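Peer 1: Heads up: the protein sequence lines correspond to chains A and B, in order. The numbering of the first sequence is my numbering, which starts it at 1 and goes up by one. The numbering of the second sequence is my numbering, which starts it at 1 and goes up by one.
Just so you know, these hints were derived from the structure itself, not from any lab. All values derive from a computational prediction rather than experimental measurement. A virtual CB, placed ideally from N, CA and C, is assigned to each residue, including glycine. If a hint is listed, it holds; no wrong ones were tucked in.
Just so you have them, the derived chain B footprint on chain A, three or more residues with Cβ under 8 Å:
no.	region
1	108-114
2	148-161
3	169-178
4	201-207
5	229-241
6	257-263
Covered stretches of chain B, going by a simulated chain A footprint (3 or more residues, C-beta under 8 Å):
no.	region
7	201-215
8	258-269
9	323-331
10	380-391
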Amino acid sequence: MSILANKDTRVVIQGGQAGVNAARRMAEFCYLIKRPLNVEAFVYPPDAGKTNEIPYGSGLIAIPVYKSIAEATKNHPTINTSLVYIGADRAMKGGMEALDDAHIKVVSMITEGVPEKDAKILGAHARKLGKVFNGPSSIGIISAGACRLGVIGGAFDNLVLSKLYREGSFGVITKSGGLSNEIIWICSQFADGITTAIGIGGDAYPGTDYVSYLEMFENDPQTKAVVIVGEMGGDLEERAAEWYGAKKRRVKLIAVVSGFCQESLPKGMKFGHAGAKEGMKGEGSARSKSDAFKKAGALVPPTFGALGPAIKETYQELLKSGQVKEPVEPETLPRLPKTVEEAMKANEVMVAPLIRTTISDDRGDEPCYDGYPASELINKGYEIPHVIGLLWDKRLISKQEAEIIKRIMMLSADHGPCVSGAYATILAACAGIGLSQSVAAGMIMIGPRFGGAVTDAGRFFKYAVDNKMSVDEFLAYMKKNHGPVPGIGHRVKSLRNPDKRVKELVGYVKSLPIKTPCLDFALQVEQVTAAKKDNLILNVDGTMAAVLVDIGFPVDSLNGFFILSRTIGLIGHWVDQKRQDSRLIRLFDYLVNYAAPKRREGPPLE
Amino acid sequence: MAKVLEGPGMGLMKKWGIHVPNYVVVTSVDELTKLGQANDWLKKSKLVAKAHEALGSRFKLGLVKIDLDFKAAEAATKEMIGRQVGSITVTQVIVSEMIPHKEEYYCAVKSTREGSEILVANCGGIEVESNWERVKRLCLEIGQTPSADALEKLAKEAGFTGPLAKKMAEFAGKMFACFDNEDAQYLEVNPVVLREHDGELVALDAVTLLDGDAKFRHPDWNFAFAAEFGRAYSKQEEEVMAVDSKIKGSVKFIEIPGGDTAMLPAGGGASVYYSDAVVARGGKLANYAEYSGDPPDWAVEVLTEKVCSLPGIKNIIVGGAIANFTDVKKTFGGIINGFRKAKADGKLKNVKIWVRRGGPREKEGLDAMRALKDEGFDINVFDRNTPLTDIVDKALQVK
Numbered sequence: 001m002s003i004l005a006n007k008d009t010r011v012v013i014q015g016g017q018a019g020v021n022a023a024r025r026m027a028e029f030c031y032l033i034k035r036p037l038n039v040e041a042f043v044y045p046p047d048a049g050k051t052n053e054i055p056y057g058s059g060l061i062a063i064p065v066y067k068s069i070a071e072a073t074k075n076h077p078t079i080n081t082s083l084v085y086i087g088a089d090r091a092m093k094g095g096m097e098a099l100d101d102a103h104i105k106v107v108s109m110i111t112e113g114v115p116e117k118d119a120k121i122l123g124a125h126a127r128k129l130g131k132v133f134n135g136p137s138s139i140g141i142i143s144a145g146a147c148r149l150g151v152i153g154g155a156f157d158n159l160v161l162s163k164l165y166r167e168g169s170f171g172v173i174t175k176s177g178g179l180s181n182e183i184i185w186i187c188s189q190f191a192d193g194i195t196t197a198i199g200i201g202g203d204a205y206p207g208t209d210y211v212s213y214l215e216m217f218e219n220d221p222q223t224k225a226v227v228i229v230g231e232m233g234g235d236l237e238e239r240a241a242e243w244y245g246a247k248k249r250r251v252k253l254i255a256v257v258s259g260f261c262q263e264s265l266p267k268g269m270k271f272g273h274a275g276a277k278e279g280m281k282g283e284g285s286a287r288s289k290s291d292a293f294k295k296a297g298a299l300v301p302p303t304f305g306a307l308g309p310a311i312k313e314t315y316q317e318l319l320k321s322g323q324v325k326e327p328v329e330p331e332t333l334p335r336l337p338k339t340v341e342e343a344m345k346a347n348e349v350m351v352a353p354l355i356r357t358t359i360s361d362d363r364g365d366e367p368c369y370d371g372y373p374a375s376e377l378i379n380k381g382y383e384i385p386h387v388i389g390l391l392w393d394k395r396l397i398s399k400q401e402a403e404i405i406k407r408i409m410m411l412s413a414d415h416g417p418c419v420s421g422a423y424a425t426i427l428a429a430c431a432g433i434g435l436s437q438s439v440a441a442g443m444i445m446i447g448p449r450f451g452g453a454v455t456d457a458g459r460f461f462k463y464a465v466d467n468k469m470s471v472d473e474f475l476a477y478m479k480k481n482h483g484p485v486p487g488i489g490h491r492v493k494s495l496r497n498p499d500k501r502v503k504e505l506v507g508y509v510k511s512l513p514i515k516t517p518c519l520d521f522a523l524q525v526e527q528v529t530a531a532k533k534d535n536l537i538l539n540v541d542g543t544m545a546a547v548l549v550d551i552g553f554p555v556d557s558l559n560g561f562f563i564l565s566r567t568i569g570l571i572g573h574w575v576d577q578k579r580q581d582s583r584l585i586r587l588f589d590y591l592v593n594y595a596a597p598k599r600r601e602g603p604p605l606e
Numbered sequence: 001m002a003k004v005l006e007g008p009g010m011g012l013m014k015k016w017g018i019h020v021p022n023y024v025v026v027t028s029v030d031e032l033t034k035l036g037q038a039n040d041w042l043k044k045s046k047l048v049a050k051a052h053e054a055l056g057s058r059f060k061l062g063l064v065k066i067d068l069d070f071k072a073a074e075a076a077t078k079e080m081i082g083r084q085v086g087s088i089t090v091t092q093v094i095v096s097e098m099i100p101h102k103e104e105y106y107c108a109v110k111s112t113r114e115g116s117e118i119l120v121a122n123c124g125g126i127e128v129e130s131n132w133e134r135v136k137r138l139c140l141e142i143g144q145t146p147s148a149d150a151l152e153k154l155a156k157e158a159g160f161t162g163p164l165a166k167k168m169a170e171f172a173g174k175m176f177a178c179f180d181n182e183d184a185q186y187l188e189v190n191p192v193v194l195r196e197h198d199g200e201l202v203a204l205d206a207v208t209l210l211d212g213d214a215k216f217r218h219p220d221w222n223f224a225f226a227a228e229f230g231r232a233y234s235k236q237e238e239e240v241m242a243v244d245s246k247i248k249g250s251v252k253f254i255e256i257p258g259g260d261t262a263m264l265p266a267g268g269g270a271s272v273y274y275s276d277a278v279v280a281r282g283g284k285l286a287n288y289a290e291y292s293g294d295p296p297d298w299a300v301e302v303l304t305e306k307v308c309s310l311p312g313i314k315n316i317i318v319g320g321a322i323a324n325f326t327d328v329k330k331t332f333g334g335i336i337n338g339f340r341k342a343k344a345d346g347k348l349k350n351v352k353i354w355v356r357r358g359g360p361r362e363k364e365g366l367d368a369m370r371a372l373k374d375e376g377f378d379i380n381v382f383d384r385n386t387p388l389t390d391i392v393d394k395a396l397q398v399k
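Next up, chain A with everything else stripped away, as it sits in the complex:
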């Protein structure tokens, strides 16, 4: 047996994320005691119509979210309890809504910082209706082996350690949430565990006081003793003592009260829970409360530390008198399924990885590129080309190589608005398309005819050099197998109108003390092709390709240099259009050669 929360308790949770978290904890308990989830519904207007997915064992249970308590109880008429996780400014309204619903008999409010007046109104309203209003600031209610309301009891391991899977003989009432767990644990270690533990909340005027719960415990035959963890302030402990001393009670009472330290603190200094404040005339002090309990015949250990032995003593007496028997522990208990991560950590499962990476890892506090922390690279003076080297070719390139890459990027960052890529980006920008899509539109243009020849140029020049071909052999090979040589030829530039970018790059690379077999070969090719036709010059793609092959970049990465550099320009064009607030553009008719058939009559559809 238990009080307040039992196997028939069906719950609606009012509130958002905090309520969902509580439902998860409650599901863990339900799983431990092998009972279905006791949460039937949520009430949270912003999410009405959706469901919250609550893990139960290794599965997920979808719990519906409603707009109002009435809607929830109409759809789930077994609901009899509400947990309130609504913000302090709206908590009273929520609590009232729950109390006023005929299905609901118990409302427990977890919300902290609820105005005292609101708490009093809720408490009074519940008493008038003959219902229970527990809290505010309650950590929850738990009945061992039967029902958990809220996060009380803590993590799954603690539920097991505190033997909450089966009932004991001790009732617990505390103001403090943290201490409720501590007492539950103590009861499980020094005695046979608890029946029900209730957090009444640390506010000055909790909705339900110790006496109401003591009455309930007195009427619950399974509960043989009750532990009260009190605090200075208010008179709830005195009232509890008065109740206990008023007549012979069936339950034994063990009580401790905190706040003795107040006696030796500067006057007026108060701390702890909101309710922990001494009255104007010294009433409500820890000492007066403690004395009241002693006078009423309760067992009052001198310190919190002596609580365990006191509980043990009481338990031994109960055993001796035959009122309780040693509990029988179940042979096996459900174990909470581990997450994949937990199981892997414990070396219990092996999961075949889905992808494999060899370049970067950001699982630590910062990304590492090929093993080097980004911040270290920065602080040691490395630059973007080095990061490219690490991520594209898994090597730390030299300062000289980095300089070449930097120059390549600077030379190919943009080529004006008329080329395919920039034009596509501008067209998209003028149509009001966002940055990433507009840049992607420009990017799509990069291919065999625009900017995308770097890789192929590199591949063929390298092929020729590796196979020690002469220029004539190479040109013959290309003509027979592939067609025009990638990297050779330009739409507008020619021998007489050379591409300054090529000159610049070739000049720089040739000034360095490095071997450039590919570039040398490409220049020889140019001499032959340009002699045949004026514009068959080595273009910027071809030059970049030859140089990059010479400094060791893999052929497959070469187009990346153009894509990366040109992205700078494409972003610039998009921002430029945006800045000007450019309008939608379309082609003028006079720029189109309308070669379609003249207007004619369509035949009837057959």
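Based on these hints, arrange chain B on the given structure of chain A.
Peer 2: Chain B in isolation, oriented as in the chain A frame:
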């Protein structure tokens, strides 16, 4: 519970129709001088000047001056502003009109579990404290408003007669209205006086405690709450309060000068038991602190730095019960960072650290604490199998 200084307290009473003396709150003599030009009463009436700070025994400290003319009030203001009393510097002075009177009475409204209680006595000032049995009460349930008849009956019980009984009843009714509508927890006027020239009851001094949790529905609460300690909050305390107001969960910190046992426990309930244990062992608390409700690690780190900065500490008690949902690993992470910073700043020399805790991820959290030993911390770590406050016993036994 939030204490409100006299000025704003009087303002709230005035809002609910209670007669209060004319008053001004100033931060400099110049301000008072200017106000004197604008307000006739400052020149015409006899005045009272009081330091407008959360200070007890202001009279004894010479921070209340009565029966002043305007010149004398200016002089008193000048003298008071900037005066240092303990940790408090007087920054405000309230100058109010003296109300000539013969009789003094008492009226208060206080919060009770059922609702509230109206207290009335036909004596006031210090007389009421020594004659507490003359205070008569009217108990009200929440939601109940006292009837005019009930209030008059109360006034008569307290010894008021004739028209004065009616007046006192009205006064008490307004006090209740103020209490009820302003989410007050305690309102006290002592003394209530009978103003000679018009026979009205006037509130001469106000003690006002409001429910800070209800601030959200009182947009006109534009005043700061005062410390309830009879002292101002220290800079360190205010810094922790600023963090507390920003986070989910809570961190609390109060300094107690002269102590040598520093407290860094978790939980509003457990923290007081830890403090009790220190006192019971004959130790001297250097502070009160508490973190709870799964606060972010950085907030606990700030709290830890404050605790480590307390002067003359010998032990730090990092206690806590078995948490329900506060992540032990995460919050201990904040504490560990705080400890490391303090150590790097040359603090924590010869300071012993005592840890006891349980709850979600307790093993990881406690292991991380234990590992601090290797960094040269004098740290002793215990798990749930050591009773809650035993670490205090161990700490204070050590010579």
